[in-house]
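Engineer: Residue strings, one per chain:
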Amino acid sequence: MAVNLEDKSKMVVTEGSYAVAHAAKVCRPNVISAYPITPQTHIVENLSKFMADGEIPNCEYINVESEFSAISALVGASAAGARTYSATTSQGLELMHEVLFNAAGMRLPIVMTIANRAVSAPINIWNDQQDSISQRDTGWLQLYAEDLQESADMLPQLYKIAEDKEVLLPGMACMDGFILSHVYEPLVLLEQDLTDEFLPAYEPEYVLDPKNPMSFGAFAAPDTYEEFRYLQEQAMQNALPKIEAVAKEFGEIFGRFHGGLIDEYRTEDAEVIIMAMGSILGTIKDVVDEYRARGEKIGVLKVRAFRPFPKEQIRKAIKDAAVVAVLDKNISIGTNEGALFTETKACMYNARCDIPIIGYTIGHGGRDIRLETIAKIIEEAKEVASSGINTESQFVEVREELL
Amino acid sequence: MKITTGGVCKAGTTLVNKTGGWRSFRPVFNYEKCKKCGLCEIVCPDMSVLPKEDGFFKYNYDYCKGCGICANECPADAIEMVLEEK
Numbered sequence: 001m002a003v004n005l006e007d008k009s010k011m012v013v014t015e016g017s018y019a020v021a022h023a024a025k026v027c028r029p030n031v032i033s034a035y036p037i038t039p040q041t042h043i044v045e046n047l048s049k050f051m052a053d054g055e056i057p058n059c060e061y062i063n064v065e066s067e068f069s070a071i072s073a074l075v076g077a078s079a080a081g082a083r084t085y086s087a088t089t090s091q092g093l094e095l096m097h098e099v100l101f102n103a104a105g106m107r108l109p110i111v112m113t114i115a116n117r118a119v120s121a122p123i124n125i126w127n128d129q130q131d132s133i134s135q136r137d138t139g140w141l142q143l144y145a146e147d148l149q150e151s152a153d154m155l156p157q158l159y160k161i162a163e164d165k166e167v168l169l170p171g172m173a174c175m176d177g178f179i180l181s182h183v184y185e186p187l188v189l190l191e192q193d194l195t196d197e198f199l200p201a202y203e204p205e206y207v208l209d210p211k212n213p214m215s216f217g218a219f220a221a222p223d224t225y226e227e228f229r230y231l232q233e234q235a236m237q238n239a240l241p242k243i244e245a246v247a248k249e250f251g252e253i254f255g256r257f258h259g260g261l262i263d264e265y266r267t268e269d270a271e272v273i274i275m276a277m278g279s280i281l282g283t284i285k286d287v288v289d290e291y292r293a294r295g296e297k298i299g300v301l302k303v304r305a306f307r308p309f310p311k312e313q314i315r316k317a318i319k320d321a322a323v324v325a326v327l328d329k330n331i332s333i334g335t336n337e338g339a340l341f342t343e344t345k346a347c348m349y350n351a352r353c354d355i356p357i358i359g360y361t362i363g364h365g366g367r368d369i370r371l372e373t374i375a376k377i378i379e380e381a382k383e384v385a386s387s388g389i390n391t392e393s394q395f396v397e398v399r400e401e402l403l
Numbered sequence: 001m002k003i004t005t006g007g008v009c010k011a012g013t014t015l016v017n018k019t020g021g022w023r024s025f026r027p028v029f030n031y032e033k034c035k036k037c038g039l040c041e042i043v044c045p046d047m048s049v050l051p052k053e054d055g056f057f058k059y060n061y062d063y064c065k066g067c068g069i070c071a072n073e074c075p076a077d078a079i080e081m082v083l084e085e086k
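Chains Z and V, in that order, give the protein sequences.
Using the working numbering, the letters of the first sequence map in sequence onto residues 1 to 403.
Using the working numbering, the letters of the second sequence map in sequence onto residues 1 to 86.
Keep in mind that the hints were calculated from the coordinates and are not lab data.
Don't take every hint at face value.
Which chain V residues stay away from chain Z? Per the calculated CB distances, all over 12 Å, these [unchecked claim]: (1) K2; (2) L83; (3) K86.
According to the in silico footprint, chain V covers these stretches of chain Z (three or more CB under 8 Å from chain V) [as the list claims (entries may be wrong)]: (4) 202-213; (5) 216-227.
Nothing here was measured: the structure is a model prediction, and the numbers come from that model.
Quick reminder that beta carbons are idealized off the backbone N, C-alpha and C, glycines included.
Okay, chain Z solo, but in the shape it has when bound (with noise of 0.2 Å):
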């Protein structure tokens, strides 16, 4: 994102994980979970900084003995009608995986943040995004983190989404571990007025309370279970109009745009589309300004929400192009394909527009992506608007001595 001018006099150089505790913090949570793991466990460690000099009013701080813990102790605090959040990441992350159904299914508006790495088995503790990619049928919202500030600024624009009494659902703030979580930027740390302006109390709409009792996550038979699920989905497309309009206001009062569901870069007359999520984008940004320069039409397209899954923004942004590549940080071992591709390949097939549409699975494990790698990709996808798809979807680099 370019530098708002007026920011400039208020900005900080912090650490990716400073602004976004304190983010969680000027949100004003009533509950937090904490379970280290890399690389999130800067962003606890700060919360708990902020917990200990006394900076966080009206809420608790607790230590759980893993992340299952974590997310389970967040189901009941949100049930007793608190503002909740945790971070987690890769097998921590995994290991939530049952509760977070139960997040979801008991319209429990959880905040966490994701500092995406990749899973094991090889233990790695680098970035990709396949933990948070795997959770994407959990029935949270799902949205990913270009830069620092932006990592922080979704936190505000999560809650206010995730508890509008229209969606009720958790959502996930995805950032890529290290690159974002540890990374020192200038940015501007949230303030509290503005946030407070912004984000008003969670009004819950039951609470579980002793003094007038009441049952959450009962059981459903098969008479009523598919309505639950009917009305979970609808939710989901509920929040996309919310995210949009949410950025947007959030824009107003804080002077930063970051995009709604999507945000388009030199895509108007783009006759190659690159889509991502993530950091990843800051480079693809650089290595299409270079194109530009020598006149060549590239955009770049930011996929911000992947849950609710932007459909209608996605075939209206892409539509006019001669190719699109899509660049996932994680697969679906079984299709060669990572997530987005196949997203938003099943979103045009209807769509009457048979554009060429290739993948590349990228940067798994934390490899660098170079300039050149994108620089390579813009090059294949010319050669697809040209000649056709040889290559549908592929691992973008491999290296063939160690096979």
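Given the coordinates of chain Z, assemble chain V onto it according to the supplied hints.
Structural biologist: For chain V alone, kept in the frame of chain Z given last:
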């Protein structure tokens, strides 16, 4: 009936389902051995162990499913699981 958000509903409505019929073994107290420690009441997953005025406990057989946790945990061996026979 309309489904509420997240399926939140009035508590205690399952009292209409008398699940005691699921039972194949019935727990029976031996008050000669019982030390009134109350562990059975704590471990019962169905709140079917009820305190009596004299400090001993009794079962609510309308809901006890006969899981046998109380008998297994009883430190005084004062609960016997008796086969339900028609």
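Engineer: Now tell me, hint by hint, if it's right for this structure.
Structural biologist: Outcome of the hint check:
Consistency note on V/K2: stated as away from chain Z, yet its beta-carbon is not over 12 Å from all of that chain's, at 10 Å minimum. For V/L83, the shortest C-beta to C-beta distance to chain Z comes to about 29 Å, beyond the 12 Å cut-off, and the non-interface label holds. At roughly 29 Å from the closest C-beta of chain Z, the C-beta of V/K86 stays outside 12 Å, upholding its exclusion from the interface. Note: the region 202-213 of chain Z has 3 residues with beta-carbon separation from chain V under 8 Å; the three-residue rule is met and the coverage holds.
With 6 residues carrying a beta carbon less than 8 Å from a beta carbon of chain V, the region 216-227 of chain Z meets the three-residue requirement, and the given coverage holds.
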